[in-house]
Amino acid sequence: MNLTFKNETFRDDYTFRNSPESIRRFPFPFNEDKYMYSVNMEPHVPAGPAGHAYNKPIDVDEHYVAEMRDRALVLKEDPLRYQALPHMMAAQWDTLELLMEAQAEGYPELFTLEKNGDQWRWINRPLGIDQTFTFGDASTLPMEPLEYITRQAQGDFVIVDQRDGQLWCDAGMVTTQADWSLDFDIGMNFHEWHGPVPLAHEIGVFDRALKFLLNLQQGKPVRRLNWTMTINPRLDTSPENYHKWGPDRATVTPENVGNKVHLRCELQTLWRLPRSNAILFVIRCYLIKMEELVTVPKWARRFHRVLRDLPPQLVDYKGLTRYRPTTIEWLAKFDDGQPTSPGIYPD
Amino acid sequence: MLVAGIKSRPVYGGLNIETHAKRHLFVLEGEGALALIDQVKAAGPDFLKHADILYVVSGSAAHEHDKALAKLGADTLWVAPTIPVLLNRLNVMLGQAKMGTHIYLSGTEGFMGQAQQVAMNHGVDPASLHTEHRGSTARRVQCVHCKGITDNVTTSPYTCSHCGLSLLVRDHYSRRLGAFQGVCIDAEEPGTAPKPEELFP
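Going down the list, the sequences are from chains A and B.
Here the numbering used here is used: the first residue of the first sequence is -17, the next is one more, and so on.
Here the numbering used here is used: the first residue of the second sequence is 8, the next is one more, and so on.
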């Protein structure tokens, strides 16, 4: 594996692009030509063609360095994007261990973890970090363990505490979110923090998902894909900054659809943590431009059909109303009506 | 009745006196006084011997509920001039409260939310609180952009009293903040906010 990290931005001049390899590895979220909510969870085991985002338990890609730089910028403006309630310290260390081990095992040329009892040494070559610390002693790290490691791992992270037969959103690092606020939702239970999602409560999705997750076992992580769309490759589509990025939604024209409109996929993975019995919820965001997406003919056909036939409540909830017609019209050129193969991978 | 179907909103199950409790602490605002008075009618006055009442009149001064509360003859009654002053005293009292004390909140949702925050900071499980909504359905709302809180919001959209954005009041409630969420309504086309509608009288 030979990763070249891109020097790119997710704000201002928006220089983010996917290389051809990065397009092929994109976790395309539709396994058929239509979409509705479901408890679409499967074991998080290595899968997919060589190089796919499903190959490693914690995926590191060509956007790693740029995404970590963007996270640091978000936190500088708004430190409330990282919060942890006091009882979550054991879960913080669990998470640090999981992310260090998974990154070091998956990418030994990038990361090294040396353990000598509770004396640990962590080397992160892409970010130029070499840190020796005592596992379990927060005073030996420059910041809390969860903040420390999630400034060095792609994706948003929520740690969910399990008690009273419920799951509680009690800690997190959330800077690449699809329009939800950790500062508002911290301390809520599973049903409360999903409260605003339309339709899914009524068809029992959250009841079933909760039941499933309460029984999640250590060493058997699960994954699911979720999606929305974003105008410009902006990672920080937070409600806090909605008044800043919202106007972008009115800027889509037939001429700029290919470059401006992005499919935003979340690879969500859930991990039972060993000491705290909490669950780590990783929400990893992948962006792909329409002009990149249509280089895979199967995805062009399928996404055209999904977007065209989407239930109206989802169009509204996902905020697609303004630019959906223009995008469907543009995508229609790439849909010749041929059948598509099952599954999410490119042909 | 408050609008049902908001998943994150607490359910206010009624004051329902726990007659065997060692101590009762009533934290009441405005028409919340009537919730306690109704309980006395239903359960009899015996529990009042072990009851402390904190009351703030708020907007209901004309109804003289404070006088009606005084007539109940509870062990203690204290009428606070404002909500923050009441919350201060509640905070001190909870710091000294003994095991077996039951806490009862009644009044507007924003008031109960703030009192609940104080209780949660003392490690009280919100599920153990007795709560009953009385009075206006006005909402306490946090602006998600500037984080400023505005009390007694009766319309959606409303203008944030701190940053001036026009905010849609979402049906999403944070117990920790004791507030609903307000999100900019005309972000995508600034200047196109609809007229405020009186939704929470």
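Calculated from the structure, these hints are not laboratory results.
This one's a predicted model, so the numbers in the text were calculated from it and none came from an experiment.
The C-beta atom is built at its ideal place from N, Cα and C for all residues, glycine as well.
Incorrect hints may appear among the rest.
Said to hold, decoys possible - To give a feel for the contact side, a few chain B residues facing chain A, derived at Cβ under 7 Å:
| # | residue |
| --- | --- |
| 1 | V151 |
| 2 | R183 |
| 3 | T199 |
What the hints assert, rightly or not - Covered stretches of chain B, going by a simulated chain A footprint (3 or more residues, C-beta under 8 Å):
| # | segment |
| --- | --- |
| 4 | 170 to 178 |
| 5 | 189 to 197 |
Claimed, not checked - Label pairs and their in silico Cβ distance ranges:
| # | chain 1 | residue 1 | chain 2 | residue 2 | range |
| --- | --- | --- | --- | --- | --- |
| 6 | B | M106 | A | R103 | 44 to 50 Å |
| 7 | B | P203 | A | R103 | 55 to 61 Å |
| 8 | A | P28 | B | P203 | 51 to 57 Å |
| 9 | A | E237 | B | T144 | 28 to 34 Å |
| 10 | A | A232 | B | N128 | 41 to 47 Å |
| 11 | B | P203 | A | D189 | 54 to 60 Å |
| 12 | B | S168 | A | D291 | 51 to 57 Å |
| 13 | B | S168 | A | Q148 | 31 to 37 Å |
| 14 | B | K74 | A | P294 | 51 to 57 Å |
| 15 | B | M127 | A | T235 | 25 to 31 Å |
| 16 | A | D189 | B | A49 | 51 to 57 Å |
| 17 | A | Q148 | B | A49 | 29 to 35 Å |
| 18 | A | P256 | B | T161 | 47 to 53 Å |
Outcome of the hint check:
no., hint, result
1, V151, "5 Å, holds"
2, R183, "4 Å, holds"
3, T199, "10 Å, violated"
4, 170 to 178, "holds (count 3)"
5, 189 to 197, "holds (count 6)"
6, B:M106 / A:R103: 44 to 50 Å, "48 Å, holds"
7, B:P203 / A:R103: 55 to 61 Å, "59 Å, holds"
8, A:P28 / B:P203: 51 to 57 Å, "54 Å, holds"
9, A:E237 / B:T144: 28 to 34 Å, "48 Å, violated"
10, A:A232 / B:N128: 41 to 47 Å, "43 Å, holds"
11, B:P203 / A:D189: 54 to 60 Å, "36 Å, violated"
12, B:S168 / A:D291: 51 to 57 Å, "43 Å, violated"
13, B:S168 / A:Q148: 31 to 37 Å, "35 Å, holds"
14, B:K74 / A:P294: 51 to 57 Å, "54 Å, holds"
15, B:M127 / A:T235: 25 to 31 Å, "49 Å, violated"
16, A:D189 / B:A49: 51 to 57 Å, "35 Å, violated"
17, A:Q148 / B:A49: 29 to 35 Å, "32 Å, holds"
18, A:P256 / B:T161: 47 to 53 Å, "50 Å, holds"
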